[in-house]
Amino acid sequence: MRARVVIATFPHASDLLNAVRRARREMLRVYDVYAPFPVHGLDEAMGIRRTRLPRVTLIAGLTGLCFALGFQYYANVLDWPINVGGKPDNTTLAFIPISFELTVLFGGLATVAAFLLRTRLYPSKQPWLPAAGVTDDTFAIVIRRPSGDEIHQRALALLTECGAAAVTESEADL
Amino acid sequence: MDNLPEGVLETRWITGSPTLKQVTDDISRPMEGKPGKLWYVLFGIAVLGLLDLLAMATWLVANGIGVWGLNNSVGWAFDITNFVFWIGIGHAGTLISAILLLFRQKWRTSINRSAEAMTIFAVMCAGLFPLLHMGRPWDAFFIFPYVPNQHGPLWVNFRSPLVWDVFAISTYFTISLVFWYLGLIPDLATLRDRATTRIKKAVFGALSLGWNGSHRTWSRYEIVSLILAGLATPLVLSVHSIVSMDFATSLLPGWHTTIFPPYFVAGAIYSGFGMVLTLLILTRSSMNLQRYITIKHLDSMAKVLLLTGSIVGFAYATEFFSAWYGGNIYERYHFVNRATGPYAFGFWLMMLCNVLAPQLFWSKKIRRHVGALFVISILVNIGMWFERFVIIVVSLHRAFLPASWGMFYPTVVDIGILVGSFGLFFTLFLLFIRFAPMIAIWEVKGVVTEQAHGTHVAVDTHVIPGSEAPTEASTEARTDAQAGDRP
Numbered sequence: 313m314r315a316r317v318v319i320a321t322f323p324h325a326s327d328l329l330n331a332v333r334r335a336r337r338e339m340l341r342v343y344d345v346y347a348p349f350p351v352h353g354l355d356e357a358m359g360i361r362r363t364r365l366p367r368v369t370l371i372a373g374l375t376g377l378c379f380a381l382g383f384q385y386y387a388n389v390l391d392w393p394i395n396v397g398g399k400p401d402n403t404t405l406a407f408i409p410i411s412f413e414l415t416v417l418f419g420g421l422a423t424v425a426a427f428l429l430r431t432r433l434y435p436s437k438q439p440w441l442p443a444a445g446v447t448d449d450t451f452a453i454v455i456r457r458p459s460g461d462e463i464h465q466r467a468l469a470l471l472t473e474c475g476a477a478a479v480t481e482s483e484a485d486l
Numbered sequence: 041m042d043n044l045p046e047g048v049l050e051t052r053w054i055t056g057s058p059t060l061k062q063v064t065d066d067i068s069r070p071m072e073g074k075p076g077k078l079w080y081v082l083f084g085i086a087v088l089g090l091l092d093l094l095a096m097a098t099w100l101v102a103n104g105i106g107v108w109g110l111n112n113s114v115g116w117a118f119d120i121t122n123f124v125f126w127i128g129i130g131h132a133g134t135l136i137s138a139i140l141l142l143f144r145q146k147w148r149t150s151i152n153r154s155a156e157a158m159t160i161f162a163v164m165c166a167g168l169f170p171l172l173h174m175g176r177p178w179d180a181f182f183i184f185p186y187v188p189n190q191h192g193p194l195w196v197n198f199r200s201p202l203v204w205d206v207f208a209i210s211t212y213f214t215i216s217l218v219f220w221y222l223g224l225i226p227d228l229a230t231l232r233d234r235a236t237t238r239i240k241k242a243v244f245g246a247l248s249l250g251w252n253g254s255h256r257t258w259s260r261y262e263i264v265s266l267i268l269a270g271l272a273t274p275l276v277l278s279v280h281s282i283v284s285m286d287f288a289t290s291l292l293p294g295w296h297t298t299i300f301p302p303y304f305v306a307g308a309i310y311s312g313f314g315m316v317l318t319l320l321i322l323t324r325s326s327m328n329l330q331r332y333i334t335i336k337h338l339d340s341m342a343k344v345l346l347l348t349g350s351i352v353g354f355a356y357a358t359e360f361f362s363a364w365y366g367g368n369i370y371e372r373y374h375f376v377n378r379a380t381g382p383y384a385f386g387f388w389l390m391m392l393c394n395v396l397a398p399q400l401f402w403s404k405k406i407r408r409h410v411g412a413l414f415v416i417s418i419l420v421n422i423g424m425w426f427e428r429f430v431i432i433v434v435s436l437h438r439a440f441l442p443a444s445w446g447m448f449y450p451t452v453v454d455i456g457i458l459v460g461s462f463g464l465f466f467t468l469f470l471l472f473i474r475f476a477p478m479i480a481i482w483e484v485k486g487v488v489t490e491q492a493h494g495t496h497v498a499v500d501t502h503v504i505p506g507s508e509a510p511t512e513a514s515t516e517a518r519t520d521a522q523a524g525d526r527p
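The listed protein sequences derive, respectively, from chains A and B.
In terms of the numbering used here, the first sequence has 417 at position 105, counting the first letter as 1, and numbering is strictly consecutive.
In terms of the numbering used here, the second sequence has 468 at position 428, counting the first letter as 1, and numbering is strictly consecutive.
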């Protein structure tokens, strides 16, 4: 969706945090915040819901576990049973190490894959940077440009008041 | 406990208060300028080692493993010793990046990236040895169950620890690699945005996956890191436990003990930290990063060495005690032979390096003396190599039947491949510190920002040194401090 946005940049993380809180209190729509490192407290300030990615880990991990146990059972009991030292064909205890490893492998890979899909990161993607230096030392807040003239002016004033180094307007796909 | 002002300083992990821009500049500098003379010298030596590995491995594959000193009695020798040695080295990286992340140890941020890289390179070196030991490395895929199965419906033996090893190590390698790359993405984006040449822009642009520092991404990113850390923690413990089962599930005196899994894991962490210490002492001075890898970091690592070294010493003592108390004559003979037999030098070297040397770290002076740390870290590496040699060769050379006793003498190819594996390891590591950020830029920025707030808070409210999470502070400071508690 192409949208008109107001971008404010900040030199300090604490000012950014303050700006996000105040903007949300003023009912401005904060699309996103850009920072060179994860600023703590932003999740709450932006009202981000907790991610559901751990569910992916659980499901994929369980899949790996079932696959490993199932496959070892199939190979040792159904497909080609071998008598090793008189042990039963279905020696579940001996199957545990491999089952554990595959649980971790499936869980880990699926979580990362889900993360990349969800955040739409892929090789050679052209990044959209709201301002120069957001991966270096600049913090930026991207707000939907308010339609009313009065509220627009108030938003600009608020951002400057919070310590914004620069406030610009732009269009972006968000 | 230290008095307060010093205590406050004790909570700082980065010297001074660099700005965010400075952090980026300092850590990117080694990649952008020309490396110092020391780097070229080390790289030259490492490449010679790598060439030696290529030559020796080619010779080995062309002639068969008879060119090694292995024989019927001692069927596992340098190859498996080197394998266990390198896998052990590979444990420190995941320990630092995963377990210390879960324990909220802030000092990991300056060292985790290089330790993770070290893990990956060490596991690559380790994987080489079983591959070469097969004699026909082109048939290596036989160790994986694969479809369609060309041996008819016959599968690999899922009850064998050797097969568990295949799964454990390939999983460990994959997860470590993914974890490392995930950590690199934000830094690659930083490098992409400051790249000046076309090639760098293209390479970093492709690898950074379009990262733009969006907090919605950061928020998920942190959860994913935690999940991976949670998965990698039991994984790292499982890998060396399974390696130890290669030995423990046999009946051979010296191998057939239940103490092996925890003993191997402690030894692995011990040797891994030894190697991390060696590498960091070399790189911090050759890359001018003393500000980020401080004496305090080295001190903390020395403490981990002291702890794990003591566990290893305790395990040695336990083994001797059970050999004596257990009343099994073969077991008892084995341990007497360990200390007095033809390979006694290896045993005493191992005792010296693994039991006595780390005890020097009780002294704070030694823990903070770079030269002493460097020497002891090398001793740790030597000691842990000999520990594996003692476990493997000494156990095999005097098994139950005196008729099958024998000796192992390394050949030029044995030694050449051992030296060559160090060549491979150091070549990869030196390339890594030259072309990738060897310190996690974004993590250090988080620590620097928190440090700026944390110090204030600690002075204001008389927080006990070392503990985070101030009880009372301004809203901003409290939010920053909550960083430590947030899931």
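Some hints could be false.
As the list claims (entries may be wrong) - Stretch-level coverage of chain A by chain B, calculated; a stretch enters the list once three of its residues show a Cβ under 8 Å from a Cβ in chain B:
no.	stretch
1	336 to 350
2	420 to 433
3	436 to 447
4	455 to 468
5	472 to 481
Said to hold, decoys possible - Straight-line distance between alpha carbons at most 30 Å, and here's what the computed BS3-like set of lysine-lysine pairs gives:
no.	chain 1	residue 1	chain 2	residue 2
6	B	K240	B	K77
7	B	K343	B	K405
8	B	K240	B	K336
9	B	K405	B	K336
10	A	K437	B	K404
11	B	K336	A	K437
12	B	K146	B	K336
13	B	K241	A	K437
14	B	K405	B	K146
What the hints assert, rightly or not - FRET-style restraints, in silico, Cβ to Cβ:
no.	chain 1	residue 1	chain 2	residue 2	range
15	A	Y385	B	W402	50 to 60 Å
16	B	F181	A	K399	21 to 31 Å
17	A	I360	B	G366	53 to 63 Å
18	A	A478	B	V243	49 to 59 Å
If you're looking for bench data, these hints aren't it; they were derived computationally from the structure.
Just so you know, even glycine gets a beta-carbon here, dropped at the ideal spot from N, CA and C.
Results of checking the hints against the structure:
1. 336 to 350: holds (count 7)
2. 420 to 433: This one holds; 10 residues, not fewer than the three required, reach chain B with a Cβ under 8 Å.
3. 436 to 447: holds (count 11)
4. 455 to 468: violated (count 0)
5. 472 to 481: violated (count 0)
6. K240/B <-> K77/B: With a Cα-Cα distance of about 23 Å, the restraint between K240/B and K77/B holds, given a limit of 30 Å.
7. K343/B <-> K405/B: Cα-Cα ~12 Å, so holds.
8. K240/B <-> K336/B: Distance of about 34 Å is beyond 30 Å: violated.
9. K405/B <-> K336/B: holds (12 Å)
10. K437/A <-> K404/B: Violated. K437/A to K404/B sits at ~50 Å, over the 30 Å cutoff.
11. K336/B <-> K437/A: Distance of about 40 Å is beyond 30 Å: violated.
12. K146/B <-> K336/B: holds (12 Å)
13. K241/B <-> K437/A: holds (13 Å)
14. K405/B <-> K146/B: With Cα atoms ~23 Å apart, K405/B and K146/B stay inside 30 Å; holds.
15. Y385/A <-> W402/B: 50 to 60 Å: holds (52 Å)
16. F181/B <-> K399/A: 21 to 31 Å: Since the Cβ atoms of F181/B and K399/A sit about 27 Å apart, the hinted range of 21 to 31 Å holds.
17. I360/A <-> G366/B: 53 to 63 Å: holds (59 Å)
18. A478/A <-> V243/B: 49 to 59 Å: violated (31 Å)
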